[in-house]
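Student: All chains, full assembly: derive it from the sequences and hints.
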Amino acid sequence: MDSTTESVKKEAAGSGNNNSESKDENKKDDQMFECNICLDTARDAVVSMCGHLFCWPCLHQWLETRPNRQVCPVCKAAISKDKVVPLYGRGSTKQEDPREKVPPRPAGQRTEPEPGTSFPGFGFGDNGFHMSFGIGAFPLGFFTSTLNFGDSRPSAAPRGTQQHMEEQFLSKIFLWLAIIFIAWLMMA
Amino acid sequence: MAQNVNPFYAEQAGSTKQNDESRKSSNDSHAVTKRLHKELMTLMMTQDKSISAFPDGENLFRWIGTIMGPKDTVYETLKFKLSFQFPNSYPYTAPVVKFVTPCFHPNVDTSGNICLDILKDKWSALYDVRTILLSIQALLGEPNVDSPLNALAAEKWQKQEEYRKHVLDTYREA
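So the protein sequences, as listed, match chains A and B.
Quick note: the first sequence uses the UniProt record's numbering, first residue 1, plus one each step.
Quick note: the second sequence uses the UniProt record's numbering, first residue 1, plus one each step.
Mixed in with the good hints, there may be bad ones.
Taking beta-carbon pairs under 8 angstroms as the criterion, some of the chain B residues facing chain A (in silico) [unchecked claim]:
(1) H30
(2) A31
(3) R35
(4) K38
(5) P87
(6) P91
(7) Y92
(8) L126
Read the hints as simulated data drawn from the structure, not as lab findings.
Quick reminder that beta carbons are idealized off the backbone N, C-alpha and C, glycines included.
Tutor: As structure tokens, then:
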């Protein structure tokens, strides 16, 4: 084997190495844009606040699968639908938010959280717990609030007069009536 | 395994409703198959000789994996076989992983069930066969003796020589 062929061979080997190196780099670059869930190149890409890339359909399904524990699959930071940023590349013609198009949900995929397992937030709203309390009679309230137009409330009578005494007496009676009524409500 | 029905055969079977259903489920399972293929590729490329996994026969939803016992533990030099059963909802839900080789360990019961948080409530869609195998390998050397499935193993863990004997006895039964 003479020296020239050897050098050619070396060169070829060298360029081959270069090629494979650049290939590896390309591969790495490609992997940088792979969805962390399907491991494929991210489509309808979104990025979480913690910086992790997903396809929106993949992330959506992940969030749907566990509605009461919405964490980033990579770093377990708290995430939510509103806290991901859609990515628009130059190539994408439609600048629509990928979050707008919810992927068709497979029926029966959503599982109810088991009661009592994890209970984050202690929000009453989560349980559908509502409580309301009120006293009222619809037409009366309506009349008093809307139908006494024109006449403004009469100003309080001057102190010391007969009318003032009467007004004080009446208001005391009404106060006691209200207290008795409320007490009766409590007892009933 | 309806999810593995080839749409072509389903069409031949007739009944449009059945056809629709099989198409829908095959769409669903398509993403799963794709991901499992990718995982298989990365596993075959990996240089790590202490773990391996391969589909069990034709069915891509059943795999057999092997791990070597970690160095400097009582499990050193032992090779354990595990079975993987992937649900249709993979990777959103964890696969069912069991020891096929009998394993004496505080967190493995006699039927091979494994108590490992990442296979239960700590599961993440990011985990794959490789990370599961690595986690189980790590679990061998660092058992959680506070919530044991195998109380005897948890008890013996402190006495490593006795423990090793139990491990070998259980292993030989295979």
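Student: Which earlier hints can't be squared with this structure?
Tutor: As far as the earlier hints go, 1 and 5 are violated by this structure, in ascending order.
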